[in-house]
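There are 2 protein chains.
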Amino acid sequence: MIYFTFDPRPDLKEDLLKSFPNEEFVFSRTVENTDLARAEIIVTYGEDLTEAHIATAKNLQWIMVASAGIEKMPNAAIAARGIPVTNVRGIHKVPMAESVLMHILAHYHSLPQIYQYETKHEWKRNLKQRELFGSTAVILGPGAIGGEIGRLLKGFNVTTIGCNRSGRDAAYMDKMVRFDELTSVLPAADIVVSVLPDTEETKHLMTAQHFDAMKDTALFMNFGRGSLVETNVLIEALTENKIGAAVCDVFETEPLPVDSPLWDLPNMTVSPHVSSHSSRYLERSFAIFKPNLEKWRSGNHEELENFVDLTLGY
Amino acid sequence: MIYFTFDPRPDLKEDLLKSFPNEEFVFSRTVENTDLARAEIIVTYGEDLTEAHIATAKNLQWIMVASAGIEKMPNAAIAARGIPVTNVRGIHKVPMAESVLMHILAHYHSLPQIYQYETKHEWKRNLKQRELFGSTAVILGPGAIGGEIGRLLKGFNVTTIGCNRSGRDAAYMDKMVRFDELTSVLPAADIVVSVLPDTEETKHLMTAQHFDAMKDTALFMNFGRGSLVETNVLIEALTENKIGAAVCDVFETEPLPVDSPLWDLPNMTVSPHVSSHSSRYLERSFAIFKPNLEKWRSGNHEELENFVDLTLGY
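Protein chains in written order, with UniProt numbering: chain Z, 1 to 314; chain H, 1 to 314.
Take these hints with a grain of salt, some might be off.
Any copy will do: because identical chains look the same in the list, a pair fits if it lies in one copy or spans two.
Unchecked claim - Taking lysine-lysine pairs in the DSSO-like style, the calculated list, with each CA pair at most 30 angstroms apart, reads:
hint : residue 1 : residue 2
1    : Lys215    : Lys72
2    : Lys154    : Lys128
3    : Lys58     : Lys203
4    : Lys124    : Lys175
5    : Lys120    : Lys175
6    : Lys124    : Lys13
7    : Lys58     : Lys215
8    : Lys13     : Lys128
9    : Lys58     : Lys242
10   : Lys72     : Lys175
11   : Lys58     : Lys175
12   : Lys290    : Lys215
13   : Lys175    : Lys154
14   : Lys242    : Lys154
15   : Lys215    : Lys18
16   : Lys203    : Lys124
To be clear, the hints were calculated from the coordinates, so they are not data collected in a lab.
Remember, it's a predicted structure, so these values are computed and weren't measured experimentally.
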C-alpha cells in the first residue's frame, strides 16, 4: 500500500489511480498508525514523520519526499532500517532560479524605488541603475538549482564561480572552489547566492570574516537554508555596510519573528520562503514519482531517481 | 569642427581628445549660433536642434545622435540638406532588456506583494506565483533591443513571436508576423512587449480591438514610445480587466501627469522612462562614435554604423 501523508489535487490523484490501477493508495492529511503499519511506500512533504512513525511502519520499504530538504525527517531511524529515501530535487530549480534572477535584477535596476515613486505619483528619473551585464556571481551549491541559476546568469553575461565541498567542475560555472577556499573568491563577487541545504558542513558556513572579504557593494542572497549564517552576523554585515544589500528567502527562525530587525533594514529584502513555490510544483513532483514507482514495482530499486544520502543530508 | 551640444564626463572627453589630437572639439551645454556655423559634425542627444539651427549650420556634414529616438529632430530640414544622421541604437539593448526581464519576473513571482508583506512584517506565503517557463511572448519591434529581450526570454524557455512591418525573420524569434497580422497571434500571448519607435506607422498601433484579443491574464508592456497606444485605450483595457496587468516605461505625455489614473490602477506599474538608463550609457555611445569618426575622416562615409532613415524615423 502507498500511503500519502497529504491529499493531492484531484486531477493529479485521478491520474495516479488511472496510471497504477493495481496499486492501493491511501491519501491522508495526518499520519495514522493503522494505515502506517500497512504502508510499503510513504509519500510525504518530509515534515510530519517521527521516529515512532518509522517504528510503527513495519512494512515500509521506500520513502518518497515531495520536497528537497530532509532535515526534519527522523533520518537516523530511517538509516538504521536501511530504508531508501528519494526526494524531488530539481523540481524547484525553475521557480527558484526565476526568483533569484528577479531579485538580482530588481536590485540592479532599483525596482523598489520605482514602486515607491509610483505610490507617490513621482516622476523621478534619478535612480541608481546598474547593469547586471559583466558582473561576477559566486554560487554556493552549484547543483540542480545552483546550476540553473548559473545557466540563466550566463545569459546575462555574468561570470559564475561555483563553491561546494569538492570543488569539482559543475555545469554553468566558469570556475569552482571548495568551501575552504571561499574567502579567496569573495573580493571579486558582485553577487553571492546560496542554495545550500542544511547539513553539518553548511551550518554557519558564512562567517563575519566572509562578509568582511566581500565588496561593500555586494549583494548577498540566501535561498537555501537559514542555518547558513547566524542572524546576528547577517545583521552586522548589513548595518555596518560590509555589503551593499541582502535578499533572503530563508531564515534561522521561520516564520521570521515579527520583531526581527531584518524586516526594517533598508538594505535587506525579506522573502517569506516562497522562492520554490510554483503552480506546477505537485505536477512536477508526480512526474518524478510515477516513473520511480514503475521502476520500484519492476524490481529496479537501484535505478530510482533522486536518492538522498541520509548521512550527507541531501 | 566637432560640436557637442552637451558636456560629457571628463574621462570620456579626455579619451576623445587623446584619440583625435588633430580634431577641434567644442563642448557646450547649449546650442550657440557662432559655433554652429563652423560645425562640420554635431553630436547631440537629439532634443535640442531646430530648423533654424540647421539653417545656421552651413558647414554641417553629419549629425550623431547619442540616443535612439529622433522624433524631436527637425528631420525634414535635415533630409532636405541631405545630411546623414547616425544614432546609438543598440546601446540601450542591455539595460532595457534587463529592465524588461525584471518587470516580467516581478509580475510572475509577485514581487510587489513580497515587498508589501515586508513593510508590514507579515510572513505570508499565499502568493500567486507562476513560472515564466513555458509561456509565450509577442515582441513588437524585434530589432536590436527586441532581439536582446528575445534572446533572454529564450533562456527562460519562452516562445517568442516577433511583429514588425515586414514580418521577415528576426533573431531570437520563433515566429514572425506583420503589424497587420498582430491580432491573430495575440490570443496565444502571455506577454506583449513593445520597443517600437515613434513613427507614422506605430502611432496608436495598439487598439482596443487588440486588447480585446488578448488573454485576460496577459501582461502588456510598453518600453518603446508612448504614442503606441492612446492612454484611454490602455486605461480601459486595465479597468475592464481585458488584460491582467501592464508595465509602461513610456507614456503619451511625459512626465506622466500627477493626476493620471494610471498611477493608482492596481494592475498598472508606472516606470518613469528609466529602462534605458545605465551607468555605462555614454561610455557605450562613445564606443560607437569613435570608430564612426575615424571612418568619416578616412572618407568611408558609407561605412558608418547606425545610419538613421529620416523618412522611416528609425
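Status of the hints after comparison with the structure:
| no. | hint | result |
| --- | --- | --- |
| 1 | Lys215 x Lys72 | neither (35 angstroms within a copy, 42 angstroms between copies) |
| 2 | Lys154 x Lys128 | both (23 angstroms within a copy, 28 angstroms between copies) |
| 3 | Lys58 x Lys203 | neither (33 angstroms within a copy, 73 angstroms between copies) |
| 4 | Lys124 x Lys175 | neither (40 angstroms within a copy, 37 angstroms between copies) |
| 5 | Lys120 x Lys175 | neither (45 angstroms within a copy, 40 angstroms between copies) |
| 6 | Lys124 x Lys13 | between (52 angstroms within a copy, 27 angstroms between copies) |
| 7 | Lys58 x Lys215 | neither (54 angstroms within a copy, 52 angstroms between copies) |
| 8 | Lys13 x Lys128 | between (50 angstroms within a copy, 22 angstroms between copies) |
| 9 | Lys58 x Lys242 | neither (53 angstroms within a copy, 57 angstroms between copies) |
| 10 | Lys72 x Lys175 | neither (33 angstroms within a copy, 48 angstroms between copies) |
| 11 | Lys58 x Lys175 | neither (47 angstroms within a copy, 57 angstroms between copies) |
| 12 | Lys290 x Lys215 | neither (46 angstroms within a copy, 33 angstroms between copies) |
| 13 | Lys175 x Lys154 | both (13 angstroms within a copy, 25 angstroms between copies) |
| 14 | Lys242 x Lys154 | within (27 angstroms within a copy, 36 angstroms between copies) |
| 15 | Lys215 x Lys18 | neither (56 angstroms within a copy, 33 angstroms between copies) |
| 16 | Lys203 x Lys124 | between (43 angstroms within a copy, 26 angstroms between copies) |
Checked against the numbered hints given earlier, the structure breaks hints 1, 3, 4, 5, 7, 9, 10, 11, 12, 15 and satisfies all the rest.
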